[in-house]
Amino acid sequence: MTPPANQIPIRCCTESANRPINNAATCGPESLFNLLLSRRGTFNRLRGAPAAASRAVNRTSGNKQPRHTDTMSFLSVSRLAPKLLNSKNAAYFLVAARNASASTTNLKDVLADLIPKEQSRIKNFKQQYGKTNIGQINVDMVYGGMRGMKGLVYETSVLDPEEGIRFRGYSIPECQKLLPKAPGGEEPLPEGLFWLLVTGQVPTEEQVNWVSKEWAKRAALPSHVVTMLDNFPTNLHPMSQFSAAITALNSESGFARAYSEGVHKTKYWEFVYEDSMDLIAKLPCIAAKIYRNLYREGSSIGAIDSNLDWSHNFTNMLGYSDAQFTELMRLYLTIHSDHEGGNVSAHTSHLVGSALSDPYLSFSAAMNGLAGPLHGLANQEVLVWLTALQKEMGGEVSDEQMRDYIWNTLKSGRVVPGYGHAVLRKTDPRYTCQREFALKHLPNDAMFKLVAQLYKIVPNVLLEQGKAKNPWPNVDAHSGVLLQYYGMTEMNYYTVLFGVSRALGVLAQLVWSRALGFPLERPKSMSTDGLMTLVGAKSG
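At position 110 of the sequence shown (counting the first as 1) the number is 110 in full-length UniProt numbering, and the numbers step up by one without a gap.
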């Protein structure tokens, strides 16, 4: 999609700002970027915010700085380009904008440049709007798991009830299109998503390769963690082993050491960043060690190959050589990475981290939350339910038989696992991209056909029942089926894969939490009697 290198800025770069943008493909990256930035009034109207409120996150090193970055950010322009350009020209622009924004390949250097500007932006925002009310709390919310309360800041992703997750403003299909891929691959590399979550910028291939090699350098496990994993009994759940090993890595925490030595709080983020990079690098080794010990007779995970990406090294260590399985793992680790800050694992890491517990302790706590059946274990429950359905119904199942089975499940007081979501009110886009992967690579698989049949029937049954706010499938309704197809049938292990992925989102946020100086989280709790008194109700 990149325009030929010998093309130079012509017609579109000299057109009036009041005329449509044409021939974007003939513009060089910087010229096209400058042109769009020059239309800052149009962009600001589209964004519904004053130009002064936008931040300039486009950084260049040694290159000419595009104009107007004081009033219009690269990130804002790149998101809004499709509104001003046709789809073909917008695609050219996104390539151009990424090229124009490319700077150092060192992620920490990029962060060091971004953090002071974000600190200043938030400081100004709080000074002007700090006392502004943003919502109301009712009694149902207090008893109902704090659903719908706006109670914390979480930068890396936002979940919209109608359209699903956006990672730093980008939807899953956009990430699949824009994030760099492995040579010959079609799915985004998780390293690219991590860069996006940390910086808000779509990385270049060089930046993603830097992350891959950096994680490969940091991947080795300390001997005491390996010994601990080898000594665990085989009846200890994989998630318990995973959490314990992460906690034991606390011995390696640079943040814990620096804090004990009195490091200034403005430097906290640097040590949290280093710990987070180390932890993400080591997670596939821990996860693979657990898998080999439990299901492959303790065989060796082998060595990290610094020329391979994070997911490829992971599948190699697990013992899977199918290139399609590696592609699936790249997709899986990308889409499970983050789901805004209110879910159990993300909120737990945020809460524990606010006590200045190091990333190892914070993430281990998050994994104990992920291990719950109402969070990360749900994909396992889906497969159990599907297997029971297959066993009871046998062979091919008609739509009417399927409908009866679903109703029997509901009438027995159970739920249909994999359907519904606390926030979403449409089909989970994480489900959709997995369905598209299955349609491409395993369209005739019996279990996939069953899942597709459920997708056609379950929502209507749930709507007919009238209880579900969201009758549509979530991510868990599909992921286990894909893993089973490629031979990973050990359902107890699936949540460990989820945990490896979730590190990308919650640790990216943890770095920013320390950079922005977020305080200890301490909401006010109330007793039932206290609530009754507050609202003027009669006790008893």
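Check each hint, because a few of them may be wrong.
Subject to a maximum C-alpha distance of 27 Å in a straight line, what follows is the list of computed DSS-like cross-link-like pairs (lysine-lysine) [unchecked claim]:
1) LYS217 to LYS123
2) LYS131 to LYS181
3) LYS150 to LYS181
4) LYS265 to LYS126
5) LYS213 to LYS150
6) LYS217 to LYS126
7) LYS426 to LYS411
8) LYS217 to LYS117
9) LYS181 to LYS440
10) LYS131 to LYS150
11) LYS456 to LYS440
12) LYS467 to LYS150
13) LYS467 to LYS217
14) LYS265 to LYS440
15) LYS456 to LYS411
16) LYS469 to LYS449
17) LYS391 to LYS426
18) LYS469 to LYS538
19) LYS150 to LYS440
No lab work stands behind these hints, which were simulated from the structure alone.
Since the structure is predicted, the reported quantities are computational estimates derived from the model, not experimental observations.
Hints, one by one, checked against the model:
1. LYS217 to LYS123: violated, 37 Å
2. LYS131 to LYS181: violated, 45 Å
3. LYS150 to LYS181: violated, 36 Å
4. LYS265 to LYS126: Distance of about 20 Å is within 27 Å: holds.
5. LYS213 to LYS150: Judged against 27 Å, a Cα distance of about 38 Å means the pair is violated.
6. LYS217 to LYS126: violated, 40 Å
7. LYS426 to LYS411: holds, 24 Å
8. LYS217 to LYS117: This hinted pair is violated, its Cα atoms lying about 30 Å apart.
9. LYS181 to LYS440: holds, 18 Å
10. LYS131 to LYS150: holds, 15 Å
11. LYS456 to LYS440: With a Cα-Cα distance of about 19 Å, the restraint between LYS456 and LYS440 holds, given a limit of 27 Å.
12. LYS467 to LYS150: Distance ~25 Å between LYS467 and LYS150 Cα, so the pair holds.
13. LYS467 to LYS217: The hint is violated at about 51 Å.
14. LYS265 to LYS440: violated, 50 Å
15. LYS456 to LYS411: holds, 20 Å
16. LYS469 to LYS449: Holds, because 26 Å separates the two Cα atoms, which is no more than 27 Å.
17. LYS391 to LYS426: violated, 30 Å
18. LYS469 to LYS538: violated, 31 Å
19. LYS150 to LYS440: violated, 39 Å
Of the numbered hints listed earlier, those contradicted by the structure are 1, 2, 3, 5, 6, 8, 13, 14, 17, 18, 19.
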